[in-house]
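J.: These are the residues of each chain, in order.
Protein chains: 2
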Amino acid sequence: MKYFITGCAGFIASNLTDRLLQEGHQVVGYDNFSTGLQEFLENAKKSPNFTLINGDLHDRDLVTQSMQGCDMVFHFAANADVRFGTDHPNKDLEQNVLVTFYVLEAMRAHNIKQIAFASTGSIYGEATVIPTPENAPFPVQTSLYGASKLAAEGLIQAYCEGFNFKAYIFRFVSILGERYTHGHVFDFYKQLLVDPSKLFILGNGKQRKSYLYIQDCIDAIQWALKHSDDKVNIFNLGTDEYCQVNDSIGWICDYLQVKPELNYGGGESGWIGDNPFIFLDCSKIRKLGWKPKLSIRDGVMQTIKYLHENPWVLENRT
Amino acid sequence: MKYFITGCAGFIASNLTDRLLQEGHQVVGYDNFSTGLQEFLENAKKSPNFTLINGDLHDRDLVTQSMQGCDMVFHFAANADVRFGTDHPNKDLEQNVLVTFYVLEAMRAHNIKQIAFASTGSIYGEATVIPTPENAPFPVQTSLYGASKLAAEGLIQAYCEGFNFKAYIFRFVSILGERYTHGHVFDFYKQLLVDPSKLFILGNGKQRKSYLYIQDCIDAIQWALKHSDDKVNIFNLGTDEYCQVNDSIGWICDYLQVKPELNYGGGESGWIGDNPFIFLDCSKIRKLGWKPKLSIRDGVMQTIKYLHENPWVLENRT
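As given, the protein sequences belong to chains A and B, one line each in that order.
So the first sequence is residues 994 to 1311, counted in this note's numbering.
So the second sequence is residues 994 to 1311, counted in this note's numbering.
Since the hints were derived computationally from the structure, they do not count as laboratory data.
What you are looking at is a predicted structure, and each value in this text was computed from that prediction instead of being measured.
Check the hints yourself; a few may be wrong.
The list treats identical chains as interchangeable, and a pair is accepted whether it falls inside one copy or across any two copies.
Claimed, not checked - Only pairs whose alpha carbons sit at most 27 Å apart, straight line, appear in this in silico DSSO-like list of lysine-lysine:
| id | residue 1 | residue 2 |
| --- | --- | --- |
| 1 | 1191 | 1286 |
| 2 | 1191 | 1277 |
| 3 | 1219 | 1286 |
| 4 | 1219 | 1280 |
| 5 | 1191 | 1252 |
| 6 | 1224 | 995 |
| 7 | 1224 | 1199 |
| 8 | 995 | 1106 |
| 9 | 1199 | 995 |
| 10 | 1284 | 1298 |
| 11 | 1224 | 1084 |
| 12 | 1038 | 1224 |
| 13 | 1284 | 1224 |
| 14 | 1084 | 1284 |
| 15 | 1298 | 1252 |
Please model the entire structure based on the sequences and the hints provided.
T.: Here it is as structure tokens:
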């Protein structure tokens, strides 16, 4: 198979790229390196089956041209800057909604009918059912990020009905592991490297979060593609457990053998639109036979280990 | 109050404009007359409280400038060409999603915090719960129109959380009555005027549809504004009954005293993405004390009467 992967230099998509290449597939990777890193493609670039397109998804001609001959699209590029949505509301709209439309239209131009899309548990807003299943009560959006991902999901679903596309939509919890470069584990690790004597935490530290290890995430994506065959295939991806931000602070401090003074920003949410509790009911994918190999704690430890072994990642990120 | 109404020359918004002016409010109406009709504003234009801006919502400067001094926005402009979404997918995206973003940003520029939005029962896709309540299971989109309205809803909701807006989102069934200018009652009436001996019907005529009379719709909107005070107020608007397309054919034929030969296109849906059954659970607004005055049959009769008395409407529409 020949896959077109948007955002191929990003955290999740670069791991997916590596996996698909390992399995002998061809990959055309597309990235503008606004947040993706060339270093994440070091393995991929060694493969004769990998083609890298350094371009922006707003360049519709280049997207369309680059997609030629591909069998399926993984649309994983996104503005993942969840936290600062209200600072620049156009960013989510342009990078998550419009770009998805451009990708769909490019697919239509080449008669490519199959797409996998990286969505998010944030689209459930302040969920009223927890753990939250895929068919939860129709949610109200609480963040521009969630709203933009929901808009993209809706477009993709409408293309399935209107143009006979087939879609795999994955609603992720936060993902951790190799090449993880943003989020609170990253922030905490970085703070403690600079000054192990104190740690600032947004919110009250009691925000409950669910995490999934990146390799488990890639396994789940591939599992769903293999074992589900509807027109629109929507899956929550996460673990069956959750932790508190304070738990992960404990694990990180244990690993680093530090005992910082903890300063909390206070309040239940870390920022406007931050959901104090994202916990997804993943029984739909579990029923297909997939299950995560790593616990949340193991995933956090794996992440710290990765950051420890790859100090350059921290220098690349502010 | 001074209201800003987008799509003020359209079916629903022009009736709303008249109502608000009758009540002594000021209205700034904005329309590009791509589908709206100057004739629908004949009453409004006689009022010193009405200001008409002939402009496109893509002209962000003009939108922002025109909105100055307004207290609340009714965003009712839309690409309502539900049927031909797949012919030009960009239209729904541009006219329903982007334009909503421009309206929200213009509001933000003027610190206007209150918005009412014309959404649609189409966002429930192929609903699994019928009648469909506002908190139905998270639906899958089946039309570009529905997807674009859902995207707009999501944006509005995110602005409520992120920028402290307050929103009234109305998910309509099909609306009938004075100034109704598209949909099957209009099509049938027009066909029968040309040739009363035969009638072509998309689908099998058994599509069940729910209709609401325009004046009942305006009543409901005003009722919700008066009696609901949440951050995000979402209401289905419809009647507690439904009819089959074949029922309305009978009523129209009775009114016109014709007995045409009926030719059916066949199939359960009229077109791709046409939902064979939109029937909304309106108990949320009913519990606030509103109820429709006209039955579906009365609404259809009122519509035929209007079309009969205003033959120019038919000439204006292809």
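J.: If a hint holds in the structure, say so; if it does not, say that too.
T.: How the hints compare with the structure:
In this homomeric assembly, residue 1191 and residue 1286 never come within 27 Å of each other (Cα to Cα): the closest approach is 33 Å inside a single copy and 66 Å across copies. Taking identical chains as interchangeable, the C-alpha atoms of residue 1191 and residue 1277 are never at most 27 Å apart, the minima being 41 Å within one chain and 51 Å between chains. In this assembly of identical chains, residue 1219 and residue 1286 lie within 27 Å of each other by CA distance solely inside one copy; the values are 19 Å within and 54 Å between copies. When the C-alpha separation of residue 1219 and residue 1280 is checked against a cutoff of 27 Å, the pair qualifies only within one copy, where the shortest distance is 13 Å, while the shortest distance between copies is 47 Å.
In this assembly of identical chains, the alpha carbons of residue 1191 and residue 1252 lie at most 27 Å apart only when taken from the same copy (8 Å versus 85 Å across copies). Only within a single protomer do residue 1224 and residue 995 lie at most 27 Å apart by alpha-carbon distance; the minimum there is 21 Å, versus 47 Å between protomers. In this homomeric assembly, residue 1224 and residue 1199 come within 27 Å of each other (Cα to Cα) only across copies, at 25 Å, whereas the closest approach inside a single copy is 39 Å. Proximity of residue 995 and residue 1106 under a CA criterion of 27 Å is satisfied intra-copy only: 13 Å inside one chain copy versus 48 Å between copies.
Taking the shortest alpha-carbon separations for residue 1199 and residue 995, neither the intra-copy value of 44 Å nor the inter-copy value of 45 Å comes in at or below 27 Å. Taking the shortest alpha-carbon separations for residue 1284 and residue 1298, only the intra-copy value of 23 Å comes in at or below 27 Å, while the best inter-copy value is 63 Å. Taking identical chains as interchangeable, the C-alpha atoms of residue 1224 and residue 1084 lie at most 27 Å apart only when they sit on different chains, with a minimum of 24 Å there against 30 Å within one chain. When the C-alpha separation of residue 1038 and residue 1224 is checked against a cutoff of 27 Å, the pair qualifies neither within a copy, at 34 Å, nor between copies, at 50 Å.
Taking identical chains as interchangeable, the C-alpha atoms of residue 1284 and residue 1224 lie at most 27 Å apart only when both belong to the same chain, with a minimum of 23 Å there against 39 Å between chains. Neither within a single protomer nor between protomers do residue 1084 and residue 1284 lie at most 27 Å apart by alpha-carbon distance, with minima of 35 Å and 42 Å respectively. Taking identical chains as interchangeable, the C-alpha atoms of residue 1298 and residue 1252 lie at most 27 Å apart only when both belong to the same chain, with a minimum of 18 Å there against 80 Å between chains.
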